[in-house]
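Enquirer: Given only the sequences and the hints, what does the whole structure look like? Please build it.
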Amino acid sequence: MRLSQYRLAVALISMISTISLIPLAFASYIVLMTPSIPKAITIDNLSVKEAIVGQQLVITTTVQSNLKEARSYAIIIEARDYDGVTMAMNWQTGNMDAHGSTSMGMSWIPQKAGTYQLRTFVMSGIHNAQVYSAVESSEIKISTR
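Residues in the sequence shown are numbered from 25 upward in steps of one, following my numbering.
No lab work stands behind these hints, which were simulated from the structure alone.
This structure is a prediction, so every number in the text was calculated from the model and none was measured.
A virtual CB, placed ideally from N, CA and C, is assigned to each residue, including glycine.
Treat the hints with caution; some may be incorrect.
Stated by the list, open to error - Heads up, simulated EDC-like pairs for lysine to aspartate or glutamate below, C-alpha to C-alpha not over 16 Å straight-line: (1) Lys136 <-> Glu74; (2) Lys165 <-> Glu93; (3) Lys136 <-> Glu163; (4) Lys92 <-> Asp121; (5) Lys63 <-> Glu160; (6) Lys73 <-> Glu163; (7) Lys73 <-> Asp121; (8) Lys136 <-> Asp107; (9) Lys165 <-> Asp121; (10) Lys63 <-> Glu74; (11) Lys63 <-> Glu163; (12) Lys136 <-> Asp105; (13) Lys136 <-> Asp68.
What the hints assert, rightly or not - Pairwise CB distance ranges, derived in the manner of DEER restraints: (14) Gln79 <-> Asn152: 33 to 41 Å; (15) Ile54 <-> Gln80: 34 to 42 Å; (16) Ser96 <-> Ser60: 14 to 22 Å; (17) Asp68 <-> His123: 30 to 38 Å; (18) Val82 <-> Thr139: 13 to 21 Å; (19) Ile54 <-> Ser125: 28 to 36 Å; (20) Gln80 <-> His123: 17 to 25 Å; (21) Thr58 <-> Ile150: 32 to 40 Å; (22) Gly129 <-> Glu163: 14 to 22 Å; (23) Ser167 <-> Ser60: 24 to 32 Å.
Expert: Set out below in structure tokens:
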């Protein structure tokens, strides 16, 4: 990973760590895009709520635009451990058509047992971003066998 990518990842982790601390009642945004609740699927395309250490998973979400015009976006997916530490994160940027939708998946191989929170949300981009959605989340339990 290049230094600039590392700095961007650290900045994103810092920013998204605070998003869940802002109550929705005080959020100053309109829901411009709506992500689905993230789910984990196996390489056989089976949805799972439990998996084992070392098993390859894909964390997926689908985002729907609520806008009447095309708009740029950045979808963020992350897996957090029980302590709230981001263990895996990825993002996808692009332009979405009016009332369009797009899907995203992040490959993840959990390295230790525990309960993980899968989170996804949408922003206007990676730099100087506006929040486009609330955070959607789900949980997955990872065991040693």
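Enquirer: Does each hint hold? Answer for all of them.
Expert: Here is what the structure says about each hint:
1. Lys136 <-> Glu74: 13 Å, holds
2. Lys165 <-> Glu93: 39 Å, violated
3. Lys136 <-> Glu163: 15 Å, holds
4. Lys92 <-> Asp121: 8 Å, holds
5. Lys63 <-> Glu160: Holds. Lys63 to Glu160 sits at ~10 Å (cutoff 16 Å).
6. Lys73 <-> Glu163: Given pair Lys73, Glu163 holds - Cα atoms ~7 Å apart, limit 16 Å.
7. Lys73 <-> Asp121: 32 Å, violated
8. Lys136 <-> Asp107: 13 Å, holds
9. Lys165 <-> Asp121: 36 Å, violated
10. Lys63 <-> Glu74: Given pair Lys63, Glu74 holds - Cα atoms ~11 Å apart, limit 16 Å.
11. Lys63 <-> Glu163: Satisfied, since the Cα-Cα distance of roughly 8 Å is no more than 16 Å.
12. Lys136 <-> Asp105: Cα-Cα ~9 Å, so holds.
13. Lys136 <-> Asp68: 22 Å, violated
14. Gln79 <-> Asn152: 33 to 41 Å: Between Gln79 and Asn152, where Cβ atoms are some 37 Å apart, the hint holds.
15. Ile54 <-> Gln80: 34 to 42 Å: About 37 Å separates the Cβ atoms of Ile54 and Gln80, which means 34 to 42 Å holds.
16. Ser96 <-> Ser60: 14 to 22 Å: 20 Å, holds
17. Asp68 <-> His123: 30 to 38 Å: At 32 Å between Cβs, range holds.
18. Val82 <-> Thr139: 13 to 21 Å: 19 Å, holds
19. Ile54 <-> Ser125: 28 to 36 Å: The hint (28 to 36 Å, Cβ to Cβ) is violated, given that Ile54 and Ser125 are roughly 18 Å apart.
20. Gln80 <-> His123: 17 to 25 Å: Given a distance of about 34 Å, which is not inside 17 to 25 Å, the answer is violated.
21. Thr58 <-> Ile150: 32 to 40 Å: Cβ of Thr58 to Cβ of Ile150: about 20 Å, so the range 32 to 40 Å is violated.
22. Gly129 <-> Glu163: 14 to 22 Å: 18 Å, holds
23. Ser167 <-> Ser60: 24 to 32 Å: 26 Å Cβ-Cβ, so the 24 to 32 Å window holds.
Hints 2, 7, 9, 13, 19, 20, 21 from the earlier list are contradicted by this structure; the remaining hints agree with it.
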